Amino acid sequence: MFKKGLTRRDFVKAGLLTAAATGLGAGVLKPTGLWAAEAKIKGPVKVGYQAILSGTLAGYGEFHKMGVDMAVEEINAAGGIGGAKLEVEFRDSTLKNPEAIKNARYFVDSWGADFLAGVDSSGQALALAPVMAQLDKPLMVTHAATEKLTEQEVFKNGVKQIFRICTPTYQDGNAAAFVAKDLPAMKWATISPKYEYGYTCWGMFKDTLGKLKPGTEFVAESWAPFGTTDFRAHINTIMDANPDGLYSVEWAGELITMMKQADQAGLFKKIKHVMLPVGAAMDVLEGLGAEMPDNIWISGRYFFLYPDNPKNNEWVAAFQKRWKHYPAYVSETGYSSIYAFKAAVEAAGSKDTKAVIEALEGMEFDSPAGKRVFRKEDHQAMYSVPWGLTKADPKYPFKIMGKMVVIPPEECFNRPPFEGAASMPPFKS
Amino acid sequence: MLESLIHVCLAGLSKGMFIWLVASGLTLIFGVLGVLNFAHGSFYMLGAYFCYTLLSMFSDNFWLGLALGPLCVCAVGFVVERFFLRYVYHLHLPYQLLLTFAFVIIFDNLVKILWGGGSIGSPTVTGMAGSVSIAGRLFPTYSLFIMAVGPLVALGLWLMLEKTWAGRIIRAASSDREMASALGVRVPALYTGVFVFGTWLGAMGGGLAVPYVGLLTPGMGEGIIIDAFVVAVIGGLGSLKGAFLGALIIGLLSSFGTRFIPSFDMFLIFILMAGVLLWRPQGFFGEAS
Amino acid sequence: MGRYLPYMAFGLLIVLLVCIGLFADRFVLYLTMRVMLLSIFALGYNLLLGRTGLLSFGHAAFYAAGSYGMALFYLHINPDPLLGILAGVGLAVVASLVIGFFCVRHTEIYFAMLTLAFGMMVFSLIWNLRDITGGDDGLVGIGRNPLLGFSIAKDSQYYFLVVFFFALTVWIIHRIRSSPFGLVLAGISENHQRASFAGISIKSYRLAAFVISGAFAGLAGSLGAMLESNSDPFSAHWTHSAEPVLVSLIGGLHTFSGPIVGSVLFVVLREIIERFTQNWMLWLGIILLVIIMGFRGGAMGSAEQYLARWGRKFREESAS
Amino acid sequence: MSSLLKVEGLSKAFGRVVTADGLNFEIHAGQITSIIGPNGAGKSTLINILSGTLAADAGRVFLEGRDITRLPTHRRVRLGLCRSFQVVNVFPDLTVFENIQIPVLGIVRKAHHVFRSLRRERGVTERVMEVLGQLKLVGRAHDLASELSHGDQRLLEIGIALAVKPKLLFLDEPTAGMNPVERVETLETIRRLSATGRTTFVIVEHDMDIVFSLSDRVMVLHRGEIICDGTAEEVKNDKQTRECYLGEEVIE
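Protein chains in written order, with our numbering: chain A, 1 to 429; chain B, 430 to 718; chain C, 719 to 1038; chain D, 1039 to 1290.
It is worth saying that the hints were derived from the structure and are not from the lab. Predicted, not measured: the structure shown is a model, and the values here were computed from it. Each hint should be verified, as a subset may be incorrect.
No more than 35 Å apart at the CA atoms, straight line, and that leaves these computed lysine-lysine pairs for DSBU-like [stated by the list, open to error]:
| # | chain 1 | residue 1 | chain 2 | residue 2 |
| --- | --- | --- | --- | --- |
| 1 | C | 872 | A | 85 |
| 2 | A | 156 | C | 872 |
| 3 | D | 1174 | C | 1031 |
| 4 | C | 872 | A | 376 |
| 5 | B | 670 | C | 921 |
| 6 | A | 194 | B | 670 |
| 7 | A | 160 | A | 354 |
| 8 | A | 160 | C | 1031 |
| 9 | C | 921 | D | 1277 |
The following block holds chain A by itself, in its conformation from the complex (with noise of 0.2 Å):
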């Protein structure tokens, strides 16, 4: 283990540098088709991933994986990344900070990884932030939502390297209130996980709505610890506030229970409106079955229907005869985080961390989810997410959003320098 020394790395990373400080030398233009690609990438290109493979949300892992490994799958078989083939290994990153964190110092530092990607947990988020400007390899998260990563730890600390391809709370909270604005409901109340991720998010919903709508109530908040199997008191709870709409980031399995025990206690004939910002992932549609109520408002990071443009459509099939599963929004954020990367050195005729990040920057591309920006200032990727009605459809054995709303990304994501009203939507302009 004490063999792989500094030196030999050092010595490549040296040549890289010389690599791309000759591809700027060549100038402004723009490398094209073959030339860039076999001129410019040595050795393959590696890329370590870690998600969620064990305990309750383990399922999530399999997701990004699947979405991942078909990426590499397509990459290879069309001779990889600038003629470079591509290699990607994946690693458990628990629930657990310094997991997290040992992952990435061994994919960097130990196998090699030119590039990071994957981070289910907003927490590992956030701590992985110093690391990475530590370890200098981008990072692209493909499942953590929390706005501090790329508004304090890139917009405000620098930190550089690191990118997010889904979209983050600002989807959650001030999308959901663009929709529930147009809803004849004045009364909200929330069900919501009792840790950062909930709060902020019916923050946002309660900001953005309250100045979109102005008195609009919010009358009940019932937080849900990590791991509840029993929402029934949490239901009491709503339905003796008797309100409009209820608004709830639950997710995952626990919002497969809380929707069941919510049918069961008749919530849905008292409350019409239901707004579930992550309903439309495929776990939840899927663990629900036939027994997803009707007309839910359902979002996600992605939706396998939308857009509805022969890319997608295409990917999705694709998907589908390849692991005989519709594709969860992880898969589609995995899958095209490891295409934005592609594009990224394809763009910039290097690996090297600097020029990949500079390629990211403002970086277009098109994905399965719709044309992707990377905003220059907070690395987030501007992409639209329907939210739309649910509805049956003989075709699937699963609740599909039947009408859709799409909210445009700059009407609803904050915007930099996130300090001050002005910062938030509704914006004037």
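Guided by the hints, dock chains B, C and D onto chain A, whose structure is given.
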């Protein structure tokens, strides 16, 4: 307000009875064998998975799954006791706890490998999918069923321990192992029997959880085992009567807490647990030593 | 000769650690630091478990107290690393004194359950006091300022601070084990009733052992906060308390070096297993099972037994 | 003759079973006192209360005039009140030397030294060797206690109690389970130690031979009450004593 109170009560009672179903096996095993079984949560999980698999095989017949699933888990319990646990009874506490802890890790991962890491939404029970109207609000029929099963299990255990020959032997062995052995009871066989029976109770809890929680996940046993520990402790370790009461208290406390103290948390439950351990470690029904 | 063996082993260990610090690459450096932190945690813990015979499921709380104490001190009061460590250890000592005061009234399973309850209270406090602890996001942005004028910002520099505290821990724990206090702890573990009839106040001694082990947990926690530059709420969860137990058991519960050997095995074995399979947890479970069923002395205990048997055989042969 | 221990109105009941019913007595320094009584008479309870492992329901206990009713065990030990046990009760996995070292450390108040090497405690080592010498166990100092014969373990047990230099020592059936040779040796040891005058012995026994050959004074306990208190001769001839022992053991 009254309807709310009634429903908070009902939610608490059903939750309490649900925890009792799992805690009863844990308590029985501790009472007789003196081993606090971390793997009891795994038996709960295995019970749920076996029950789910069997019911899907038999065209969603929940009752058939519930009858057969826990029996399969009993076989697992038998192996655990007969070939592993038996050899650590005489050892210090850490060895016993860590042995059962090792099984938690192993079973969690085996389930992940065999059934996949994702969560499985489980079907509802035919005839119990709906709800009944109580005090102007709906309450799930299946929760009522759980509330009925809990006391039935308690009654059954009581009858078995107090009125049957096997029960007398179990009580004798739990109060004095040497004495029972001197009276000609085959203590090792008895221990295996009690462990397997306790396993069955835990697995039944898991089977009944399939429609109650509505979800199966690998690692689902780790949450419930802490609840069951708390209940077993505040009832006085090894006391079935105490565990029954403890389960009711925890169920009602968390239900009322969630409703009326918004900041309510497991903090209060653990304070209760510590308080009982400090001032009445023998539980509600135990004699002061 | 036998008397000096431990000192030679200790010397060799330090030389090896320094060599790693000078020549190994960054990941090995990092892993070695993790091993040392786990060792500090487990060495202290084993004073309570192996020596005094008390199984605690709450020591993660003291690790977290060290970690959060360090982080809060750094973020709000003073960014000096040494003062930060002192603050972390101080908080851990206070926490273990308060919690220990209640817990040492019981032994065996009741003690284990009490520590579990108190530990989970701390976990829940950390989870819920969001304004102070950052909730589940934890505290981030803990830097490493120069220590007495020496930079410790780089891993290769910070490494030697960790080596220093590791060596200090090994030395202190060794001294404690060979002191009157250490003997009395062993006596309490063997037969607490007899110990109290030897004029020993068992509760005070148990409390002292509890606080000492809590202090080392806090030391490991505050060093960990600086290593990872964050404080993690899960570090207070009871499953984290199981780690020093596992490590002590793997290495040998009743040996001095057990926790160190166990930490090395735990971290290195996992690193190796993870390169072959993502189901590393399954293998951990199986290894645990094998140790409990077949090698109860742990690595060091079993080695000692083997050496003793071999030595006896050798003596018999040379005698005949 | 000075009063070493004084007991006033001591009572203890477990549910409806009364095991001590308003006991009043004194123990005098220098005398070997025996407490006898049929099974269930309350002998064990009495020792447990006096040594601090059980709390009395009522009554007070004085050691050399000092009220020790509420003191915990280890404080009583430090004041000079100690006991041995019916069954072997040593530190089995420690050496014989260490078995004695612990009480010596406890009594010289050095047990809390966290940071000093045991080897440096010269005074402690000397005292341990002295106790081992009294017990004639010096040769086995570095063997584990569990490796000793049963008789030697009982002896070690008494040694642990003696190591705290008690003024008053309760011996609970000191010769139970010993073979006749060991028994004679142990009795000899007790007599010798008593003669030095440093320790006053109170013996709880079943074996009447031992009681009558060793004791200066005998107390008979029955259902939590003292029914007879006097010299061996007086007790032998007491009618009530004979009655309560009838059918259990014949007093010669």
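Status of each hint after checking the structure:
1. C/872 / A/85: 33 Å, holds
2. A/156 / C/872: Between residue 156 of chain A and residue 872 of chain C the Cα gap is close to 23 Å, so the pair holds against 35 Å.
3. D/1174 / C/1031: Distance ~32 Å between residue 1174 of chain D and residue 1031 of chain C Cα, so the pair holds.
4. C/872 / A/376: 29 Å, holds
5. B/670 / C/921: Holds, at about 32 Å.
6. A/194 / B/670: Judged against 35 Å, a Cα distance of about 33 Å means the pair holds.
7. A/160 / A/354: 9 Å, holds
8. A/160 / C/1031: Given pair residue 160 of chain A, residue 1031 of chain C is violated - Cα atoms ~65 Å apart, limit 35 Å.
9. C/921 / D/1277: 48 Å, violated
The structure shown violates the earlier hints numbered 8, 9.
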